[in-house]
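Peer 1: Residue strings, one per chain:
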Amino acid sequence: MNISHPPDASSPDHSGKPPKIAVRGLYKVFGPDPGRAVAALERGATKAEVQARYGNAVGVADVNLDVAAGQTFVLMGLSGSGKSTLLRLLNRLHEPTRGSVVVDGVDITKLSRRELLEVRRRKFSGMVFQQFAVLPHRDVLENVAYGLEVQGVPRDARRERAMQAIELVGLAGWERSYPHQLSGGMQQRVGLARALAVDADILLMDEAFSALDPLIRREMQDELSELQARMRKTVVFVTHDLDEALRLGDRVAIMKDARVVQVGTPEELITAPADDYVAAFVEGVDKTGVLTAGSIMQPVKEVARLSDGPQTALNRMRRSGLSGILVVDGERRIRGYVTSERIVSALREGSVGSERIHGDLMEPAPTVSVDTPLHEVIAIASEGSRPIAVVDASGRLRGVVVKGAILAALARPAREATGAEVSGGAPLRTVDVRPSLGAGGA
Amino acid sequence: MPIREWVSSAVDAVRDSLAPLFDGFAAGVEAAIGAMLTVLQLVPAPGVILAFAALATGLAGWRVGLFALAGLALVHNVGLWQPFVQTLSLVLAAQALILVVGVPLGVLAARSDAVERVLRPVLDFMQTMPAFVYLIPAVMFFGIGVVPGVVATFVFAIPPLVRLVSLGIRQVPADLIEAAEAFGSTSWQRLVKVEVPVARPSIMAGVNQSIMLNLSMVVIAGMIGARGLGAEVLRGIQRLNVGQGFEAGLAVVVLAIVLDRVTASVGRRRTRDA
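Each protein sequence line maps, in turn, to chains D and R. Using this note's numbering, read the first sequence as starting at 1 and increasing by one per residue. Using this note's numbering, read the second sequence as starting at 1001 and increasing by one per residue.
Just so you know, not all the hints are guaranteed correct.
[To be verified] Derived Cβ-Cβ restraints for the label pairs, each shown as a range:
no., chain 1, residue 1, chain 2, residue 2, range
1, D, G289, R, L1059, 54 to 60 Å
2, D, E95, R, M1212, 40 to 46 Å
3, R, L1250, D, F30, 56 to 62 Å
4, R, A1051, D, F30, 52 to 58 Å
[Said to hold, decoys possible] Residues on chain D that point at chain R, a partial pick, calculated with CB under 7 Å:
no., residue
5, L117
6, K123
7, G126
8, F129
9, Q131
10, A133
11, R247
12, G309
13, Q311
14, L314
[Unchecked claim] Quick look at which bits of chain R chain D covers, simulated, 3 or more residues with Cβ under 8 Å:
no., segment
15, 1069-1076
16, 1249-1263
These are computed hints drawn from the structure, not numbers from a lab. Using N, Cα and C, we set each Cβ at its ideal position, and we do this for glycine too.
Okay, chain R solo, but in the shape it has when bound (with noise of 0.2 Å):
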């Protein structure tokens, strides 16, 4: 079977015919990252710092409050506060583009059978095909930088949140389902007032979940070009130096621990009962 050759000759010509489409795709998400890049920048870094201590207090607790503090101070301190906020700005990109597609993917998922049993099998494709392999089309289409690098992130990432959110909404209860019905919800009501609400702690997991394997994909984004974290991790590897890839590592664990804590809370809160 000459799959290598299909595959190859079907890239080449999605490249070909729908150039313009992906240069203004590219030409997009670079002006949205650079855009949260410069007010991310504007703003000295403990400003910026605080800022986020004082947002995961709020949503999440103090305690996670202070490590926020506390981490991203160390960050600032280790002189990789530049890095961090362009890895920053690159999850932050990626992430919006999970949710905006991957909500009502997993919405149309749940209200429909055949969506989700022509999902499945692509979403396990993209999660289990190794990342490297779309990588390269990706660079392909959108040439070295940090477009590709979102792309290669929301084929990763996006799976379990469409799963989650489909999930979720599947499971809540029928009765609630009927209550929606019977007072003449309109099925958008019933999505906003009924099956997101009460299916929130599955789509926070899915949320949180997404946002995990975003970040594990900042150093491979960093290998096709995209400046941050993940390109300090690959510099301190070149050179042998342990010291300055642990610290770019860590830097990336800090941002992880608080976006999963931060999301997690999200998804607990009043829930109790459900």
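Okay, chain D solo, but in the shape it has when bound (with noise of 0.2 Å):
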């Protein structure tokens, strides 16, 4: 039952390959009676008005989400967002109060609890918590062995995948240890290594960073970057911290008293935030590792062709007051960059005839591609004072950056990031209920 939203409108996966996890119409209402507060939430309600007319608590109210497989999706949003319930209505933790939850084309809020088991033991890889939660009276080794020894595989074979999964997470010599005997961030590393061994397509992990130190705690998203690179499973990952849903997610979806208020890439959430909340929340954020080249490249007004003789790409530098101008071949791939001062003085000189740019007249335009983040593209910028060209990925020029457009995107608010077009935002406000990133847990 899905009444006041559409699924998911922006579609995560173009190549139309159906959804590893699609939830749809989903609602968590706790404590007796939870039907008539689905309904008045239905209505809009929001959850402190169910709060306080019911007295039910809301988890989560109306959320519709697609996560395609091999994604790492992101649930951003404070404390009592509801984020770590709608993580735990996906393994069916929590049983729903309505909606449902389909995993590889099977709806698991309908399933009997032994067909249950059975799917979190073969699409789930377990769970990774805030607190760890590993077990104190096993080794390492049989805490990582744990999910293979509930599904009955057998003590040589899950000790050996155990011990793959120790030595992927750098823990290799410590398989004899307890959890005692380990800091933190080692802990941690225990509860990926027994999510890893059991080796399902789904990854569930809540707030998993968020109880470690911040350069431990950097390390390990690094690290599950790279495995994530390597195994390409679905992860899902629940966070309060904007910096790291935005540096781990292919998509995000940033919650706010139960409800979904907008699921887009990083870079969307960054240049078109769906409301004041949304905006207010990336405002703080550090955008050159989310913005790339292409969010902030201008529309080239002008090129000179290589057919082009000197003369007339002169011209056309004139007619556009430009000093410089970007040389691009017949299919518009550049090949090189000459400047007015230099056709000048060749002619001057008499050193090129009026037939065509040849190359002792161009020099290297720096390129980068639209995805380049906004922080390369800096430290090209600062190289020298020439436009840079963008490319896509067949290396037709899509636009430029000027020194100009960078430091325009990084002072501006999100909001009016250059480039991106804002379709159907509201008018520009004055944001002045600040999310406080970062304070307290989930």
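Dock chain one against chain two, each of which comes alone in its own frame, and use the hints as you go.
Peer 2: Right, here's the structure in full:
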């Protein structure tokens, strides 16, 4: 039953493959008689109103999501926004009040207990928890082998697979240690290895790195990205830390008061926040790792063609008020850059004819691709004053980045960011309530 | 309120209608205790003492082992070996019954709030009602001897075990339960691989408490015809022979200390971080 919202509008997967996990019209209301609370939520009541009127705590209200296979999907929100509850609805650690969770085409909300156990074993690699949840009475090896043990994998086979997982997370040599002998970071590696040992498609992570020191946290994030690049699991990652969400997420869902307010790529959230809440959230973030050359580039006013003569190139520059111009071939591939100064002096020396721009006149043009992150673009821009050409995957010129545009993108609030059109966005207003990022746990 | 008449007629009715059941139970318990006693008496006393000391050393360290060795040797030396062995078999039989019923009951109480709510007043009743009050119906049901002693001990000593098992399992951290569930554990796997091991300190505290209460019933069991150290204590009292009573009492203390130290140390092992 899905009344107020269409399914996740921005489809995560353009290949047309069915999503790995599809959530439709999902509600979770705690406490007695949840039906009337759901009805109120359907009519648009907020979490606070339902709490006040019926006394029911609302975990999740009207959530629709698609998670594509191989994707890292981040659920982001502050404490009490419902993100951890939503995660637990995906493997039915919480029973949904209403709605469906379809994993690989199977609606797990309709399964019997026995069938559910089977899905948890075959489809999910367990879960990774904020406080690690390693078993204190088991050593590292026995902890990591837990998931295989409950599946009935024979002892030798599960030890072998557990050892592989232990090596993968860099804990080789510690397999006989007990949790109380390990640091927090190492305990979380045990938690991660325990999930990886099962080797199922879907990995659920609940604030997995939030209890760790900042440096260890960063290290674990990098390692997860690295592992993920190799294994391409479907990861659903819950966090209250926006930087973490943007660093890890292929797609991010932002939750507030039990509802999902926006789903998109990190770049979409920054360049086109759906409302003031998201805008305030993304305002303080380090944009240089998220924004790309494609999102700040400007259209190219004028180019010179390789077939143009020097005089024609000069005319093109004069016409658009440029002191230099990119030279492209017939397929709009970048061949170089010429300045008016160079052409004028060459013409004066008589060293060029009037037929074509040839190699001697041109200098190499700095080039980046549309998805080059902003911090790399900045590094290139700092090396010279020439505009940076932005090309697509097949090498064709798509736009140009000048220094001014970089500064503008960094200085402006998210909603105004250059190059991205905010479709249907509300007029810009001053946001005075800022969510306090990084405050508290889930 | 004619409580007196109600209880008396209820006890009579139960005795009359369930007599074969009680007789069967009594026969079973007697056979179990008899078998245990036969084994303990078959092995020469020094063998039993050494085995006891070795077990205590293995479970609780050499100090407890040494204490067990010296203590049991003393008991043997003062000529109380036979009653000691009789008491030991009574205590072990009662404890086996307590564990077999108490641990599952504690698990049920942990899993279900309804069971917990029903059990709590029942346990309070069992623990606070003076033992002599249910000793009498126990004798009426099972006759004079060792069996009513076992039953009375069971009623008196089971409550702390049930409570502490339930408490321990309820206190297992929620994320460990979620981890067990998320990896697809059945509820049996969750119980034996996660809940019981993590709750072990609390469970062993319950075992320890129930053993101590069990031992405190030894003398009372002696009053209704169970042979052993309890009967020796009573004989000393009846003859106003303080020395004889003290010797038998000391033997109970030796047994209590050894069992206490052993069960306490089993609860502490490998749980430094829990």
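Peer 1: Hints broken by the structure, by number, lowest first?
Peer 2: 6, 11, 12, 13, 14, 15, 16
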